Each structure stands twice: as C-alpha cells, then as structure tokens.
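Novice: Spelled out, the chains give:
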Amino acid sequence: MSKVNKKTAASQRGIEKCPTGIAGLDEITQGGLPRGRPALVCGGAGCGKTLLALEFVVRGATKFNEPGVFVSFEESSEELTDNVRSLGFDLDELVRRKQLAMDFVHIERSEIEETGDYDLSGLFVRLNLAIESVHARRVVLDTIEALFSGLSNTAILRAELRRLFRWLKERGVTTIITGEKGEGTLTRHGIEEYVSDCVIVLDHRIQEQLSTRRLRVAKYRGSAHGTNEYPFIIDERGISVLPITSAGLNHPVSTARVSSGVEGLDTMLGGSGFYRGASILVSGTAGTGKTSLACSFARATCQAGERCLYFAFEESPAQIMRNVRSIGIDLEPWIKKDLLRFFAARPTLYGLERHLAVTHQQIEAFKPSAVIVDPATSMMSVGGAHAVRSMLVRLMDELKMRGITAFLISLTHGNDTSVEQSDVEISSLIDTWIFLRDIELGGERNRALYILKSRGMAHSNQIREFVLGSQGIDLLDVYLGPSGVLTGSARVAQEARERAAGATRQDDLRRQRTELLARRRALEAESEALRAQIQAQDHAIERLAVETQAEESRGEADRSAMAISRKVQRPVDRGSRKGP
Amino acid sequence: MSRSAGNPRSRKARSAAAEELSAAWNLRLYVAGRTAKSVAALQNLTRLCEEHLKGKYRLEIIDLLEQPQLAKGDQILAIPTLVRRLPQPIKKIIGDLSDTERVLVGLDLRPGSAERRLASRR
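The listed protein sequences derive, respectively, from chains P and U.
If you're matching positions, the first sequence starts at -17 in the working numbering and goes up one per residue.
If you're matching positions, the second sequence starts at 20 in the working numbering and goes up one per residue.
Bear in mind the hints are in silico, worked out from the structure with no lab data behind them.
Bear in mind that the values here come from a model prediction, so they are computed numbers and not experimental data.
Keep in mind that a hint or two might mislead.
Which chain U residues stay away from chain P? Per the calculated CB distances, all over 12 Å, these [stated by the list, open to error]: (1) Trp44; (2) Tyr49; (3) Ala51; (4) Gly52; (5) Glu70; (6) His71; (7) Lys73; (8) Arg77; (9) Glu79; (10) Gln94; (11) Leu105; (12) Asp115; (13) Thr119.
Covered, in the sense of this in silico footprint (three residues per stretch, anywhere, with C-beta under 8 Å from a C-beta of chain P), are these stretches of chain U [to be verified]: (14) 84 to 90; (15) 122 to 129.
For lysine to aspartate or glutamate, the following DMTMM-like pairs were computed, each having C-alpha atoms within a straight-line distance of at most 25 Å [said to hold, decoys possible]: (16) P:Lys80 to U:Glu85; (17) U:Lys75 to P:Glu60; (18) P:Lys151 to P:Glu114; (19) U:Lys73 to P:Glu61; (20) U:Lys91 to P:Glu75; (21) U:Lys73 to P:Glu96; (22) U:Lys91 to P:Glu56; (23) U:Lys110 to U:Glu120; (24) U:Lys91 to P:Asp72; (25) U:Lys75 to P:Glu152; (26) U:Lys91 to P:Glu152; (27) U:Lys110 to P:Glu538; (28) U:Lys91 to P:Asp99; (29) U:Lys91 to P:Glu90; (30) P:Lys151 to U:Glu85; (31) U:Lys110 to P:Glu114; (32) U:Lys91 to P:Asp85; (33) P:Lys349 to P:Asp8; (34) U:Lys110 to P:Glu56; (35) U:Lys91 to P:Asp8; (36) U:Lys110 to P:Glu152; (37) P:Lys80 to U:Asp93; (38) U:Lys91 to P:Glu61; (39) U:Lys110 to P:Asp8; (40) U:Lys75 to P:Glu75.
Ideal Cβ positions, reconstructed from N, Cα and C, are used throughout, including at glycine.
With these hints in hand, go ahead and build the complete structure from the sequences.
Specialist: Following this line, the structure appears as structure tokens:
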C-alpha cells in the first residue's frame, strides 16, 4: 500500500525535464525532454529532424547554459554550420565559446573491410572526448542509423547501440537521437526499441500543393504529454510548434467594454459595446459592409489610444483606406501615430501554419489590444474546413490568453438566415456574433444588422437598418410593415405615412378636445345656474326661519296682553307663569 | 578538419621517399586499452606482416584511451581498426583480424584484388 502511494506521489511529481527551448515543444511535453535520458526524433527525409536536434543544443547553450555536443553522421560540421547560419545559429561562435562541440563521424563503406569481432569503442572515445571538452549536458546523435549503412554486422551494431544509450544515460546527458522513418516502423533499423523514454515523430505532408509539417509525441514514459499532431514551422527563428490546445480555457476574463465604433451598435450590445478580449464574428454576404464595420471598430480602438492590428487577406491596405474614407472614416492619422497597423497577405501565400505563425509574430511585435482578421474565411482557400477551424481556434485561444479583442470577418454566401458551414465551425468559440444581411424590398437592396448572440450581456434582439453615410455608420430603427422589415425608401415612405397618420390623429384629438371643452363649459354654466338656485332656496329658508320666530314672539306678546287683560297675570311678573 | 585536409599532400611527398626506402607500408592499429580483441588483433597483424611484408612496413599502435583526440583524424569508430595509410588509397580493416584471407584482400595483398579495385573505381 505504501509502495503504491509512493509511486503515485512520484508520478505526480513527474520526471525531471530538460527544456528544449523550442517554441511550443516544451508546452506539449509539459516541460521538455526527459532529463538525462535519450529521446528519439524520427521522421522522413527533410522533415526537420536535424534542425530540431540542432536547435535543442543551440538553445541549451544559449538559453539554459547547458553546453552540448552535436555528432553528425551525415553532414560535415562545415556543411551544418553553413546550413543553419540562415536561421541565426552561429555554430562557429558557440564552438569558440566552448558551448558546443561538433564531431562529424563519417564511414566510407568502400574503405572498410570487416574481419572478425569488433566494438564501437572508437565512437565512445570520441563522444567522451567531445562531452568532456565542453562539459556537455546535451548530446545529439544525427543520424546514428547511418552506422547501419557503413557497417554490416548488425548484431554487433545493435549490441553496441544498446550499450551506447545505457552509457549516455549513466553520464546523465540529455540526448536526442534522430532516425529516418522506415517502412511500417518509426525508424529504418528499429532503434526505437532501444530508446524507450521519449519518441517524437515528425512528418512533412503536402496537401493541395501546400506543405505542412507536423510533430507528434508518440511516447513519453513517465510524463503526460499532448497526444495530437501539432503543426510546426521552420522559419528564420528556427522551429515553432503550434500547440492547438495548450492554451486551455483558463484565460483571464475582462468585464471592461470597448466601443464598436458605431453608437447604435454599442446601444444594442447592452449599451456599451463589446467585452474587452471577446471574440467577435461579423458574418455577411458580399457588400454588406463588413469591412466598413471593421474599420469603424479600428478607428474606435485607436481613438481610445489603443493599438489595433488589421490583417487584410483580400484587399490592400491602401484600398481599404480609400474605401472607408468615402464613409468618413480616415485611418491615415492612426497609421502615422502607429496605433493602427495593417498586415496584408494573400491567403495562398503560405500554408495555414505559416499564416498562424506570421500572425503570432506580428501580434508579438506590435502588442495590439484589438486584432481584425478580414476575412477569416479566406483561409478556406488554403486548407480544409477542419484545418481552418483548428487554426482559428488556436488564433482565438492565443488572442484570448493575451486579452486581445478579436474581430473576425466571415464572408458568407446566400442571402437568408441560414448560416454558413464555416461559421458553424467556429460559432461556438464566438462571444459576439453579428450578422449583416441584405434586405431586398421595393426594388432596393438595403443593409440590415442584427446580433445573433452576445454572451454575457443583454443585447438587443432587433433587426436594425445599417446605413453607410458620409459620416460613418449609422444604425436606424427598422420599421415593421405588414410585409416584414422595411428598409430604405420603403422605410422613408412608411415614415411619411406614419407622419400623415399622426397628423390626422392629432386633428381628431384637437376636435375632440374642443368638443369636450365646450361640453365642460356647458356643464359649468349649468352647475352655476344650479348653484344660484341653491342660493335662492337658502335665502327662502332663512326668510322662513326669521318669519317663524317673529310669529312666535308676536304670539307670546299677544298671550301676555290677553292675560293681562283677563287680570290673571300681573303685567311685570312674566316669570311665574301658571296655568289657569 | 584542416589538419586532415592538409595531410594528403605531405603524405604523397613522404610516400615517394618511403618507396625508395622500401618501407612502402605504413600501418596503424587503433585499440582502446588492452582488451581481448585488441590483443588478438595485434597478434594476428604482426604474424601477417611478418609473413607478407617483412622489412617493408612500419606499424604504429595507438591506444585511444591514451590519445582520444587521434580518433577523429582517421575517422575511427570501431575498435580495433587497422588503417593502411600507405600505400594509397587509405584502407580500413575493422575487427580482430582473425580472418586472414579477408585481411589480405583488404590490404590488397592478394592477387586479383588490384583488378577488383580498378573495377570498383570504374
């Protein structure tokens, strides 16, 4: 039980890694190659084995202060030095600084006769000498299988290779052994059998005239690793592997908003525009104003004092600028201030991976806060839907990781609400999806805009008419008529109709008001008359009361007078009234 | 590398003189310590030279454990390796030299081997 626990603990800690320093490879292998062990890099001719191995020692020497030994069995040191100079690797300099030792092991079969038993101690001696001369921590044997074509006793060779790898392990040097791909096996002579810790397979494919290099970690004992085929490119900086999923989904999220550059659109997006770092897709058919919208966004970004990088894959920057100037968007000053940068290239100029790498380099160099890709779908001409999707996923992952707002344009065909396959492919990655479409009505084509989705905000569900005026883009309220959405002249007509109808209604109201007023006045008069009547009645009642009292007091006086006259009562004593 | 590139010319110059001195054969045996294979190779070689090249050869024995830097110059991989430096062209015979017949062929000491060499050049 305790043994099991120990084992899990060890596997959690993982084996020690030796970073290759090759862009992307360390992410896939989660830290690099197994330290102190041999790793096999194999693949067909021209797949980049030698370069990968060489970059491993060069980066080791320059980045990690780990000197290296490069033993070549195929190219002389001079050839190799010349070949990689274009990649900025100065091997002569590294040799001078004692950070690199090179040895060219050459076997000329015609010179060699084999008689009896032998071993490869000579190779060991040379390797040992090279390792000690620079205190190497890294070793490359490129391509050790050349021994098989130089020497015929394979039994000896195999035994000696086994001994060699063991010896390298004992010395604790991290080794790359390269091997040529064989028929149905990873290497022509099956040396993967001896190098069991880590196997990396390289591949170079041509599909539809475009070449793609791919890398796969076929095996990595004692470590988790990415298992996919990862595209990689070789350019003037060496090898870059482009991990598809290494970004993961743990990118920081911002609640800050950035303006879309169109006031009406900002309002539709919950009042304040896109989220910073969001992925925005603008889909639309040809001529629906996608580029204008993009330029509007670019201008808004620059106006906020931030950088915007514009990848133009279909139009030249000059043409885009000229065109949007006609709608009152002048991008020239922003280019002069270096807040806006265009990068234009034909999609077919490179393969997808190369595009991605170039994009990556441009982003790295310019550090924009917003990136526009116009149009992202043009990549379809370079690769299949799946490849394009994976490229866009990687691009968006990268942008998300860096908190860069991505504004992608997608050209669709057909003019209805059915969305394109290309859009569906990436729609799940999109945070805000804006749809531009034509509405044909009354002999006119007008543009309309609506928000298909916008994550995390209360966005408008309305279809708005989208007008390109001389002062930029304007979103107008759309009129809904009996036949649907009204745009353009139909909208204007509807507006007029509504104005007329409004006027009629107002007349009605005025008349009704007059009538009512008259009625009110009549009623008021009536009520005045009634009030007068009431007053008259009140007077009458008062008069009656007075008269009654007068009557009563008169009656009293009469009775007194009578009593006095009857001598029943004395005239003065009025208080002691007594009945007769 | 520059050292070995410079060698053939000087070697050629020396070879003319050497032929006159009737020491036309310049042999080098590379070993790495006193292993069984090395000892066997040396014994086999000495016997063979005494039989076929008596008085016309010079034999150098190089132990790479002592002089590892010499392995590069003659492109030594396998041990033991016998290098025929003279006469030209350079020949290498690897192994313990136990197969005398093959060693003699390898050193061009067998009749017919010269023609075979010419054929292979063509």
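Novice: Now tell me, hint by hint, if it's right for this structure.
Specialist: Verification of the hints:
no. : hint                 : result
1   : Trp44                : holds (16 Å)
2   : Tyr49                : violated (7 Å)
3   : Ala51                : violated (4 Å)
4   : Gly52                : violated (8 Å)
5   : Glu70                : holds (16 Å)
6   : His71                : holds (15 Å)
7   : Lys73                : holds (21 Å)
8   : Arg77                : holds (20 Å)
9   : Glu79                : holds (16 Å)
10  : Gln94                : violated (5 Å)
11  : Leu105               : holds (14 Å)
12  : Asp115               : violated (4 Å)
13  : Thr119               : violated (8 Å)
14  : 84 to 90             : holds (count 4)
15  : 122 to 129           : holds (count 3)
16  : P:Lys80 to U:Glu85   : holds (23 Å)
17  : U:Lys75 to P:Glu60   : violated (38 Å)
18  : P:Lys151 to P:Glu114 : holds (15 Å)
19  : U:Lys73 to P:Glu61   : violated (43 Å)
20  : U:Lys91 to P:Glu75   : holds (21 Å)
21  : U:Lys73 to P:Glu96   : holds (24 Å)
22  : U:Lys91 to P:Glu56   : holds (15 Å)
23  : U:Lys110 to U:Glu120 : holds (15 Å)
24  : U:Lys91 to P:Asp72   : holds (23 Å)
25  : U:Lys75 to P:Glu152  : violated (46 Å)
26  : U:Lys91 to P:Glu152  : holds (23 Å)
27  : U:Lys110 to P:Glu538 : violated (176 Å)
28  : U:Lys91 to P:Asp99   : holds (22 Å)
29  : U:Lys91 to P:Glu90   : holds (14 Å)
30  : P:Lys151 to U:Glu85  : holds (24 Å)
31  : U:Lys110 to P:Glu114 : violated (30 Å)
32  : U:Lys91 to P:Asp85   : holds (8 Å)
33  : P:Lys349 to P:Asp8   : holds (23 Å)
34  : U:Lys110 to P:Glu56  : holds (20 Å)
35  : U:Lys91 to P:Asp8    : violated (34 Å)
36  : U:Lys110 to P:Glu152 : violated (35 Å)
37  : P:Lys80 to U:Asp93   : holds (23 Å)
38  : U:Lys91 to P:Glu61   : holds (17 Å)
39  : U:Lys110 to P:Asp8   : violated (46 Å)
40  : U:Lys75 to P:Glu75   : violated (46 Å)
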